[in-house]
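Protein chains in written order, with this note's numbering: chain A, 40 to 462; chain B, 40 to 462; chain C, 40 to 462; chain D, 40 to 462.
Just so you know, not all the hints are guaranteed correct.
If chains are identical, the list can't say which one is meant, so a pair holds when it fits in one copy or spans any two.
Each computed SDA-like pair below joins lysine to any residue, with the alpha-carbon atoms no more than 25 Å apart [claimed, not checked]:
#1 K393 with T324
#2 K268 with W303
#3 K122 with R350
#4 K433 with I349
Don't read these hints as lab results, they were simulated from the structure.
Protein chains: 4
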Amino acid sequence: MRDDILNPYRIWDLLITVCATLAAVYIPVQLVLGLHEQAAMAYVDWVITLFFVADMLVHLRRPVTVKGQVIDSPTVLARRYMKGWFVVDLLAAIPFGLLSGATLLQLLRLAKLARVVHLLRQWRQREIQNATLLRLIFFVYWLGLIAHWLACGWLALRGMPEDIDKWTSYLRALYWCITTLATVGYGDITPTTNIQMVYAMVVMLLGVAIYGYVIGNVANLLANIDLAKAHYLASLERLSTFMRYRNIPLRLQRRIYDYYAYLWENRLGYDESTVLAELPISLRTEVSLVLKREFIEKVPFFKGASQELIRDIALELRPVVFTPGDYIFKAGEIGRHMYFISRGTVEVISADGKALFATLRDGDFFGEIALLFSQPRSASIRAVDYCDLYALGKETFERILTHYPDFAMHMQEVARGRQEPRQ
Amino acid sequence: MRDDILNPYRIWDLLITVCATLAAVYIPVQLVLGLHEQAAMAYVDWVITLFFVADMLVHLRRPVTVKGQVIDSPTVLARRYMKGWFVVDLLAAIPFGLLSGATLLQLLRLAKLARVVHLLRQWRQREIQNATLLRLIFFVYWLGLIAHWLACGWLALRGMPEDIDKWTSYLRALYWCITTLATVGYGDITPTTNIQMVYAMVVMLLGVAIYGYVIGNVANLLANIDLAKAHYLASLERLSTFMRYRNIPLRLQRRIYDYYAYLWENRLGYDESTVLAELPISLRTEVSLVLKREFIEKVPFFKGASQELIRDIALELRPVVFTPGDYIFKAGEIGRHMYFISRGTVEVISADGKALFATLRDGDFFGEIALLFSQPRSASIRAVDYCDLYALGKETFERILTHYPDFAMHMQEVARGRQEPRQ
Amino acid sequence: MRDDILNPYRIWDLLITVCATLAAVYIPVQLVLGLHEQAAMAYVDWVITLFFVADMLVHLRRPVTVKGQVIDSPTVLARRYMKGWFVVDLLAAIPFGLLSGATLLQLLRLAKLARVVHLLRQWRQREIQNATLLRLIFFVYWLGLIAHWLACGWLALRGMPEDIDKWTSYLRALYWCITTLATVGYGDITPTTNIQMVYAMVVMLLGVAIYGYVIGNVANLLANIDLAKAHYLASLERLSTFMRYRNIPLRLQRRIYDYYAYLWENRLGYDESTVLAELPISLRTEVSLVLKREFIEKVPFFKGASQELIRDIALELRPVVFTPGDYIFKAGEIGRHMYFISRGTVEVISADGKALFATLRDGDFFGEIALLFSQPRSASIRAVDYCDLYALGKETFERILTHYPDFAMHMQEVARGRQEPRQ
Amino acid sequence: MRDDILNPYRIWDLLITVCATLAAVYIPVQLVLGLHEQAAMAYVDWVITLFFVADMLVHLRRPVTVKGQVIDSPTVLARRYMKGWFVVDLLAAIPFGLLSGATLLQLLRLAKLARVVHLLRQWRQREIQNATLLRLIFFVYWLGLIAHWLACGWLALRGMPEDIDKWTSYLRALYWCITTLATVGYGDITPTTNIQMVYAMVVMLLGVAIYGYVIGNVANLLANIDLAKAHYLASLERLSTFMRYRNIPLRLQRRIYDYYAYLWENRLGYDESTVLAELPISLRTEVSLVLKREFIEKVPFFKGASQELIRDIALELRPVVFTPGDYIFKAGEIGRHMYFISRGTVEVISADGKALFATLRDGDFFGEIALLFSQPRSASIRAVDYCDLYALGKETFERILTHYPDFAMHMQEVARGRQEPRQ
């Protein structure tokens with residue numbers, strides 16, 4: 040079912056929707072304005088009847104999916120159809136207008152709209168990402184139809200004046216209808232008889248309901264657009280209340296606000312771990328490998344690690360962010376993590392901060408000795424701009440190694456062979 | 040209290056609601072249009088009086104539930120009633136109209152509506168699942184009554200013109216009222232005296248409040264319908280931002296979107312663990328057993344396990360989802376979990392991916408050797424379609440076994456007896 | 040500041056609010072309708088002037104709270120006042136009307152409304168629980184004032200017709216204003232000159248903004264009322280989707296729905312742990328002691344436990360709910376918890392379910408042997424109705440005991456003395 | 040890009056926005072009212088043309104930031120410009136009005152508004168904190184333009200009556216337009232021809248959409264303002280339901296409500312840990328150091344601790360709140376934490392509560408012996424007012440010390456040297 044948009048059944052559904060809409064528009068007009076003698080009308084009627092009959096045949100053959108199972112046996116399909124949509128489709132397919140002239144029976148053909156409702160619902164189900172947009176489009180569609188029907192009803196109640204042509208009569212009825220539904224109510228056309236007053240009241244109440252629906256939908260749409268932002272702003276507000284209450288120095292406040300701005304511009308305020316946590320393990324693994332495999336395989340002493348080990352490490356790398364000027368670590372501290380640079384630039388500097396040893400960029404790594412030995416860092420690392428790093432903790436690494444005894448032994452050899460530690 | 044809908048007290052409540060509504064409608068009309076001489080009115084009055092008196096007797100006997108305790112002692116009930124609803128019910132039960140003709144005292148009978156308010160509130164409390172729908176229905180009910188009263192008030196202020204009949208007068212007043220409340224304001228009927236102007240202003244302000252209430256409710260209703268979807272879409276948006284930012288390959292993006300679509304279609308985007316976590320332990324256990332007992336009892340070496348052990352295992356099985364084409368595990372990896380297939384199809388294939396050993400379906404299990412030995416998997420398992428599996432981790436299993444020393448010993452024997460591992 | 044409502048300063052604030060409102064109402068009317076010659080007006084003017092002058096004196100002495108510090112030194116207060124509200128209060132206190140007759144300078148006295156704004160804001164800050172309600176009340180207050188001012192403005196632009204009295208003129212202006220703000224727009228009074236048209240446009244746009252504000256507030260109010268319910272319904276919907284998807288038997292579904300209904304009716308859907316977790320440790324301890332001390336002190340072998348130990352146990356008791364018919368445990372299982380009955384009834388029954396040994400109620404406890412020995416339960420316990428129990432796990436208890444070595448020794452003795460285990 | 044507001048490019052953008060707006064306003068007016076002969080119009084036309092041409096030159100040189108990379112090479116910029124905005128800017132820069140008199144071609148110059156859309160969007164992106172406010176401002180801007188255009192369209196359809204001047208004509212058209220958009224609909228100006236009716240219907244429907252947008256935005260704005268409060272109130276409601284259900288004594292309820300009021304007034308209901316948890320480790324460290332370093336360095340036996348150790352301790356201090364009258368601990372309990380007073384006052388009192396040994400205030404600490412020895416507290420500590428303390432647990436402290444073996448040895452010596460414990 041999750042196939043391309045040019046699926047022939049989809050096109051057929053679209054055609055049927057167009058035909059049903061056409062029927063829903065012209066049948067009431069025909070009845071109210073008395074257009075039966077016109078040849079064009081009969082022609083339209085024939086075409087629609089043809090399509091509706093064809094649709095019945097199509098449904099006898101069209102496979103359906105029920106709880107993930109595709110049903111395509113013709114007999115089962117025919118049985119399902121007979122018990123389900125058959126009556127509706129049959130009613131819609133009978134050309135009452137052609138058989139007996141202008142008759143209210145023609146309105147039975149509007150039953151086909153139930154089919155359109157069904158198709159639109161299926162469509163919205165499929166397009167969950169655009170559900171709110173689709174809801175608005177469908178709403179405009181139904182609103183148009185309803186306004187049209189209400190205008191026809193108004194025309195029927197008012198009767199057709201002699202002095203103006205049919206098209207103007209219809210237009211004035213539609214104009215009254217929109218004026219009332221939109222609650223504008225100029226008052227240039229008002230009901231005069233009791234029955235017209237009742238009709239007008241119904242239209243007004245409908246207008247209120249429609250208004251409520253429009254506004255509720257728009258509010259909802261805006262609220263959903265802003266869900267991420269509302270979340271972000273709530274964080275920000277909390278933070279700024281806290282900082283004011285605790286008198287955090289302005290310089291630090293500025294840095295925190297900058298960090299939040301960075302977070303919002305680059306990631307709508309969410310962090311990688313949260314996002315990945317929602318994926319099932321297999322996809323999480325793949326995404327992790329795509330993001331991190333390259334970094335890991337660059338590290339010399341991971342040469343020879345199995346795919347499984349690299350996968351396990353990739354899953355355990357923890358994203359951390361550093362802001363410009365932050366020290367990732369300082370010379371002399373006992374190292375507990377190694378780091379991979381996913382994005383950003385860091386400087387390797389001497390303990391006194393005077394000498395710049397190296398500048399590392401996207402894809403580089405540092406601090407890997409911490410995984411082998413517990414010893415002081417030999418240099419400081421400072422972030423130059425916003426840095427997205429991945430950290431691998433010593434404990435995590437050792438925990439992973441317990442599942443890979445061969446590689447653990449290999450690591451011990453590496454460690455023995457590098458007693459003169461770097462960095 | 041949580042009993043069927045045909046409870047006689049419920050039916051009685053419904054009857055009383057109908058009578059009170061009837062009284063609320065006809066009494067103001069009678070007063071304004073001067074319909075006292077009509078026999079039909081007197082008849083209605085008698086019937087309603089009868090019901091209201093009967094209601095007083097019913098309440099003397101009807102048991103009530105207070106904080107989970109049912110009170111049915113007649114003396115206690117009578118005392119409660121005298122201190123509570125008695126005065127209201129009495130006022131409503133006096134047929135002022137029959138006693139003294141058209142009098143404003145009749146309006147006192149509308150006090151019975153307080154009872155209706157109480158009943159409706161109880162009803163909404165009981166039907167929490169339909170609370171918003173019920174709120175809308177009650178709102179329409181009250182709106183109708185208010186519009187009716189406002190129309191009667193307008194009639195009283197305008198006086199009855201000679202040339203039109205009473206029904207048309209009332210209809211025109213109602214029409215004015217709806218036109219104003221709906222903020223349409225055609226302007227074909229406008230206030231002329233000062234007191235009418237003040238009345239019109241009150242109605243207009245009421246209209247604004249009603250509008251606000253309608254729209255607020257609709258917005259709320261839509262927001263609650265969409266709570267699950269909003270949540271889901273927020274996840275999706277976060278994810279797609281993340282994937283764009285980190286340049287995840289399109290093929291993988293496609294798979295992730297497909298997974299999300301599957302999740303939404305099948306489970307509104309929520310996973311089993313979250314749902315079960317909200318249940319109390321006893322129900323969680325039962326649900327787990329319903330879902331998983333069969334799978335567990337199929338495993339040969341769980342034969343002979345006690346019900347308690349199976350229950351503990353069922354509670355600890357973790358649901359995992361695999362997408363089509365995922366490897367659940369590959370030949371050669373050290374196994375750490377066994378799996379039960381809740382739904383879906385997997386293939387057992389050779390290490391090189393060329394030979395298909397078997398196809399496992401709903402209710403099958405695999406990888407059970409991992410619970411006994413730490414040894415490489417002897418074959419790969421690949422998901423054919425979306426698979427809902429349950430995973431049982433080796434550590435979890437061993438933790439559970441500590442509570443069942445007899446079965447633990449049994450397992451060790453099983454292990455010793457199967458030194459040639461399968462799969 | 041958190042004192043009773045009859046605080047004299049509060050009453051004074053109320054008086055000043057009334058005076059300022061009075062001034063805001065009568066000054067524009069006086070100017071537009073030309074009522075300066077009336078003695079009543081002069082009298083009102085004198086009273087208000089008096090109050091405003093008195094208010095200035097009051098403020099020189101009234102202590103204020105700044106960041107939790109109360110300031111009551113007269114010199115500091117005077118300095119603060121001079122730098123702050125002095126100018127506003129002075130402007131409002133000058134009786135321009137009495138000094139120079141009808142003059143636009145009188146409008147300067149409306150500056151006192153800034154004070155009202157300040158008072159209302161403080162009030163809302165204090166009454167956070169009723170904040171939304173207060174917002175609506177304040178809104179009605181301001182809306183009334185604005186409508187009054189707009190009506191005065193309209194009167195000033197239209198001029199006073201000769202043939203109708205002043206009060207009717209004002210009423211018609213107010214009527215026009217409400218008709219326009221409420222977007223009803225009958226059209227019986229419409230602008231005729233260009234300046235009136237511009238004025239009408241401003242009022243209409245204001246009407247739209249006010250409408251938006253009313254509706255936004257109502258929607259917000261409804262959403263906040265329903266926050267708990269929305270949460271609850273979301274859980275319920277998730278659950279029912281899950282149960283349908285996984286074909287949970289109807290009988291079990293019924294029980295789960297009943298449980299949810301119980302949860303909602305009794306606790307708005309939230310559980311005790313969540314609520315307590317939000318309290319600071321000291322209050323959490325007190326609440327826990329209130330709820331649980333009695334139960335704990337009833338247990339024979341806790342006799343002699345220190346207050347600290349009982350407190351620690353109370354903090355660690357975990358609330359659990361059982362639904363009618365649930366087995367809390369079954370005879371033969373290894374016991375891992377003891378239970379206290381907070382509310383509900385349980386039955387102690389034999390292993391085969393035939394014999395009823397005892398019925399335990401609110402305040403009773405059972406399964407306490409599990410804290411001392413790891414041995415099978417000697418009887419089954421079944422919930423008769425919804426039971427709120429507290430569970431104390433063996434591990435938790437042992438962890439707590441490590442901090443109380445004396446009591447731990449005492450427990451060992453108790454255990455040695457009871458080798459024949461009960462239940 | 041995150042630079043000051045006086046950035047010259049920003050000023051230029053502002054100028055161009057003003058010019059484009061000016062063009063969008065005067066061109067339709069010129070066309071409808073036929074103002075081409077007026078010299079002032081030609082002058083305005085020339086100035087705008089000049090600015091638009093200059094803007095094209097500016098864009099050839101202006102550096103742009105793409106995914107964090109600044110592009111300033113003139114050739115690359117020129118190529119990007121030619122492929123992007125060039126056509127739009129060119130259309131807007133041609134002075135059609137000056138070349139060929141009143142012509143509909145002039146409307147092409149409104150293309151420049153696309154540029155304004157782009158600028159406004161960038162601006163909103165940058166000012167995320169004020170996004171909702173900016174959205175409202177932009178909305179008013181666009182609403183003004185649209186109302187202006189609709190009024191011009193109405194004028195074009197109605198034609199210019201002879202008897203009123205151009206300005207009045209325009210004003211009446213605008214008045215009609217606002218009356219209709221605001222759904223007031225006085226009905227003093229109504230469409231007369233068919234085409235005018237269609238136009239009116241379009242304007243009415245637009246009015247409904249605009250209304251929906253206004254109200255949705257206001258509702259959203261209010262909801263976001265209240266996000267923190269809604270959260271807080273939900274907590275409060277849950278709590279009060281719980282307390283009523285469990286019959287918590289009123290005195291304790293009062294204290295709990297007071298605590299919540301304190302929390303709200305001082306911190307909008309959020310606690311420090313939640314806020315800090317959202318910061319990246321580097322900023323969290325800095326904030327922690329700002330808040331806590333002073334306290335820590337005051338403790339005698341932390342003299343000589345390295346910066347890293349103090350940082351680690353600062354990160355691990357847990358904020359706790361005590362309400363007035365709470366005992367932080369009582370004499371005789373085994374101490375497990377030391378405390379720092381961040382804000383508030385506590386009393387050191389004797390075991391029997393009679394003697395007051397000392398009063399400690401902001402910046403003091405107590406209970407530090409608990410970090411060295413497991414022994415009973417020698418005095419009780421009671422909170423005098425609301426106290427924000429930081430607690431350092433013994434276990435936490437010992438865990439930190441494992442990373443600082445030198446300091447751990449130092450601590451043991453301190454402990455040996457202080458066998459007579461204080462407090």
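Status of the hints after comparison with the structure:
Proximity of K393 to T324 under the C-alpha cut-off of 25 Å is restricted to the inter-copy arrangement: shortest distance 24 Å between copies versus 42 Å within a copy. Proximity of K268 to W303 under the C-alpha cut-off of 25 Å is found in both arrangements, the shortest distances being 9 Å within a copy and 23 Å between copies. In this homomeric assembly, K122 and R350 never come within 25 Å of each other (Cα to Cα): the closest approach is 53 Å inside a single copy and 43 Å across copies. For a Cα distance limit of 25 Å, the shortest separation of K433 from I349 qualifies both inside one copy, at 15 Å, and across copies, at 22 Å.
In summary, the one numbered hint that this structure violates is 3.
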